[in-house]
Amino acid sequence: MTLLLDIATTAAVLFIVASGLLAIFGVLKIINFAHGAWLTVGAYCSVLIAHWGLNPWLSLPFAFLVGAALGALTERLIVKPLYRRPLDAILATWGLGIVIGQLITLWFGRDVQMTPNLMSGTVGFLGVDYSAYRLFAVVAALAVGIGFTFLLDGTRLGLSARAVIMNESLARALGIDTGNVRLLTFVIGTGLAGLAGALLTPLTSVDPNMGVAWLIGAFMLVMVAGSSFGALAVACLLFGGAQVLVSTFLNPVLGGVTIAVLCALVLRLNPKGFARG
Amino acid sequence: MVNPTRTSRPFNSVALPALAAGALVVVAIGPIVLDRFAVNVLTRSMIYAVLAITVDILWGYAGILTFGQAAFFGIGAYATAIVATHVGDSPAMMALGFVLAVATPMLLGLLVGWLSFYHNSTPLYASVISLVFPIVVTQLVFSGGVWTGSSSGLVGYTTLPLELGGFFRLAGFCLIVIAVAAWIFVKSDAGKLLIAIRDNETRCSYLGLNTSRFKILLTACLAGVAGLAGFLYAHASGVVAPENTGFVFGTELVVWTALGGRGTILGPILGAIGIDYLSANLSGELPFLYQLIVGALFVVMIIVVPGGLAAVVTKIAGIGTNPTAIASVTVKGVASRPSAGWVEARDALIKIENLGKSYGSHHVLEGIDLSVRAGELVSLVGPNGAGKTTLMRCVSDGTLEATGVRQVCGRSIVRLTPSDIVALGVGRKFQVASVFDSLTVADCLRMARMAIDPPSVFAASRTLALPLSSERIVKLTGLDQLLDSSVSLLSHGQKQSLELAMVVALEPRLILLDEPTAGLTKPERTMIGGILKSLTEELGVAAILVEHDLDFVREISSRIVVLHQGKLVLDGSVEEVVNSALVKSVYSGGGHA
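Top line first, the protein sequences correspond to chains A and B. If you're matching positions, the first sequence starts at 1 in this note's numbering and goes up one per residue. If you're matching positions, the second sequence starts at 1 in this note's numbering and goes up one per residue.
Don't read these hints as lab results, they were simulated from the structure. Hints should not be assumed to be uniformly reliable.
Computed cross-link-like contacts, SDA-like style, restricted to lysine to any residue with a CA-CA straight-line distance of at most 25 Å [to be verified]:
1) B:Lys495 - B:Asp453
2) B:Lys187 - B:Glu401
3) A:Lys29 - B:Asn120
4) A:Lys29 - B:Asp199
5) A:Lys272 - B:Glu401
6) A:Lys272 - B:Thr122
Excised from the complex, chain B in its bound form (with noise of 0.2 Å):
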């Protein structure tokens, strides 16, 4: 154990609680005090306050920019009113309108998510997506004749028995409740993987953990919240239009969302709130002309404040984002999982035959055969140019098109992501530290545990555990002094170790390394050195090293291979391979292998 845990209590588990409490006594006497627009026009803007919720959530914090919620919204409200209209109003078609106007959305959230993620998909897509269907909902409610009431809606139905200042206290009431439910799940352990994906999805997709996966379930799960406020929207309203699911909709929540403050929850709210009370005051007066000094201000805001009104007011306050007083995460070492399979540890870990890659008719890999058994540390060298990179992108990314032979513990990895050969116990450094630059050095490497020990929904664990080894690294490192630092503020040494550390956490049976050293200084080159020489000699990892530094290769490796002009040339003990003629030559630039 290092770092004694402290028991200050988080800033949120006082303030969350006492903000929800006076905003539901708020609620609840304000139809006493409002007069009837007001309650009316507040009513709405709370409803629309959850899609802002909502939007914040994918955008604001999983970085997915969505059009959509206003479709899915609008398909709750549809679900709801057509029930009503066209099926019946007792107090169980109520109930079915209210289970339809969820769970459609839900289902139809997994659809769209299965079209916006997949692996390697772009963002960019993902918001294209997210464009064409609530364009292609809205044509669907145009089209639909007697059952959507097509260009004029649907009208007159049954809602249920609340009068308006009932509606006014149930939107308010949804509305805290799922508040503070985003609030704990975003600052809950789960809730940083949105964060991590938002930073560095490559790098999440190297720890194991399936984005892809996770983002069309978060996509879904929304869609169910659009799909509540549509029901509730339908009941409060009495009335359902097509431009309730259209795109400029859309477009609007994430206006109201960017101006109050992506990334922030409170501030979506406050500003889906405002903006649309003030719309509904000021729209009899000037209405073109208030639109176009919200339209100018979001320009604006976008450009020269992209966190919105929230980053403006925490900047003037002087609230730090990240208050150093709850510094309490704890590294708790753990007993390696149970190496199945370790019997065969003699066989080769990963195999390569015959493994060609070529971009055109440029061929950067010819006829690599390589394996490498469990205990082993080969060093890859070669010039630059020679395909080392590529030859560790082919092996760790199934999805990269190369013609041979690839396995990893006797299984073929071809068409396999990335994080399907992570869990075949394949771990990758990169050459440039990728790591994550919006978190803590405490939620790097909870990130890299999280596919083995599945994050809590709720809780932000106060401790961390870690395998004895990266826990050893992460000591070594003197990274336990900075578990609460934003990684941000770390060195570059400090960065490569992180995501050593952070690899070594997954506990692979196979290490791929890029570079591990380059940049860092000699003191921590010796270290790093040690640390795998102890992870293969002890723990039998294997591990493949590229390096440039001869000397460092040396020392360390069991075994050395040498690439160049993408044919593996040699391929032999340490001392066979140095004083080699071929390698002088090579290295010297001298004639062609």
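In isolation and in its complexed conformation, chain A is listed as follows (with noise of 0.2 Å):
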């Protein structure tokens, strides 16, 4: 039971993580690897909030503002004039992310921060008692999910990303602002990004490193899952299963790697990962 919920709670985790970078390829055709970069600052959104003795759940709107206002800069800047050389956009957010790695590092020096729990003890569930907090975590997923839902199928920006993701050509000659869709999706998704690094605060260590180990596994998932959360969803639970069953019954450093190893085989034999037509 309690492996069951580790895999749900992993893969909750693991959603959340990608989900802004799954939004940002989906739409934009770009892989934003400063996404680790952004999840750091949201991470360090929390250590902030906690000095200056706020309330620790004013973190997650606050991580969510920074990391989608940095975003917005990021897209002017940055991203928007790379958009017709994906593999160079690629190398220019990751070095954009160094340069974030270096500034916290400068700030906060490079020691580990503690942050207050959001969450603390365990609870009874299903017979088990369970980290609160990793409950908690699916919970934020489906939250997560559901916005993301409610946001493509439920409002205009939603349909205009469709049609982004679609056809762009034609949905600019339809005389949709596709620019502003762009800029719009990544504020979402860098932001989202900072949410998730708040989010992960009670769960991991916070260092100016601490992005880099999540990216990969969201790279991956976000490789196979195409630009569907749904696909997302199910490469999560699947791979996240993996993960922490080889890490279980295994060896833990082999199960850091197992998502990697994992998608890319999957991509290998089916170049489409799990996203349909």
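Assembling the complex is the task here: the two chains are given apart, and the hints tell you how they should meet.
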């Protein structure tokens, strides 16, 4: 039972971390390698909130806003000139990640930071005692997933975004301001990354390089999922589950590469990944 | 023979040996004039520069963005250290370490290459694999226990009996040898293939070149070079650590290459040495600020000057990238290759039965039967959306899923890649001229012959051997005067002619032409029509032509096939089709067939 909960919560955390990256990849067809850096920024937002003595829950909206604001700047200055050069965009965003990482180091130092727990202790769930916060992560992942479904299917922005995903030049010809769609998507993606970083703080240590470890897993899941949130959820459950199983029964170190290796193989056998059509 | 051969020596045949000799002198006296710290750091920097060269060839020339060279480097270093630590340190064991340090990365390079490159694989996917690979290797090192020393790495093994200065000279010597070899390779005919793949991989495979196999071999060879660098590193530094294999190191290599100037060989060498040396000097005083500056510079460089410092320097110094003084390519007609199987020319070269192709519930082609014999010039007409281009794709790419029988020269082409089908004797000209914009006209034509005449890895040819029919097109269209021009400077019509000459240079038995005259002037059309007629009538080549211009079709065709809404509605002689009421109704948008 604990194992099943481990799988569910691991998948939930992965989903939260990867969703921002997926939003950007789906619409912009750009891999945002600064994603890890935005996670770190989000986590440090929690540190700041704690430092100022505010309610730890405030760190969630704060991290989203900071991520979104920085994302807007990034889109205009760095990503926009590189839409036609996707491989260069990977590099430029990676470079940006280095810069952000170093800025954080200069500001806060290299040491691991401590943040207060948003939710402590365990709760009894279906007969086992389980970390309350990890269960909350599942709720948060569902919220993000439902939020995206609503955004895509229920709003004008979602409609435009879907149009851009399907056929960008046609969307532009129909009078959709694709530049704005891109900007908004990027901002939401980086905002989510910040939020995810803040949500991660009770689960991992906070240090300037924490984002890199998460980046690769999230990146591989997004490659497999294509541009569908449903596919991402499935991928998180499957590969997150595999990671938990390998870590539990074989070797935690190998567990760390399970996602990457399985995703690479899936892509080799079926280049479209889990995405349909 | 056109264009008299000029015997002016190319720039690099003079400058390169001079540069290499100068570098050798510098490397030889370096340890005498430099202090201990500088010698130590520069030894490492020069080894890293070797890696930067491999990244440059893969990324700068062939367009494959890779983070994986770090892993091959690390594997080479670990193989060396593991043999020295656990197996033995006699000279024979050192030699074994060397062999393993090069061979292991090469074998893994084959594996990584197989994973990364296959028909229709995307560049992004190859980069993904190159990212996963170092991560996996690093984790394996961490879980390697005593064998790999886990997180603390291996240290204290016996190294080659060289002093500090000896390692400096060894690293420098290897760097110069590899740099010269890389330079010669990228300027050779085979090296041009790298650029052709970067420019237009689709065209490469439709010239019968198996690009996947080439890229896999390239990956394996450069993995071996990275392993060699790893061997040097393990001996020179006396320590190997997990960071040497990691993807972060892989990204650093890319950063150096980008800052130095991708696609220049020299730029990445200077980038690697300069940045690594500076960082060793500055990181003591301002460690984070320094990385911050490099990172920021990198971002700005990627956005503003993707060519790196090398591009800045050449722009300021006003050095043209393509010195026109070397104009000395000669066209030489070669006799057509013996046409094995020409005897059964009366049989169908291409045979299609009940071909169907659909995207979801939308049927693009349905129940198509068509066969074409040698010497026929069949025009495929029909309104837009009738499925003409799809039909062309189905017979030139067997990996495209479709139902029914597709045969070329009696062989089923189902699941064959475009390059396999070219080898059966099918050449395809695309609707939009598909050529290599970064190459010269002569190089483009040479690409077309590469599947037949294997290219040299060392030399850049000064002559161009073309079959007579292709040579004739080159001359008729005036391309023979432009052999040294960059393709990017050609007009639309010239590019169309060039592509046609390239396809004909393949000596195909069947040519597929998708609107070869679109956007051409009347004289250009007439000329292309004449060329097609002589190819089919005199040489017995078969041609299938998609064309909208009915007058043009009427003049040159031996048979006309009409497609309408995915079905073949008419197949007959020019007279039959042109006078058919059906065709008139189809074209005037009347009732459905």
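*Tell me, in ascending order, the numbers of any earlier hints that this structure violates.*
Violated hint: only 2; rest satisfied.
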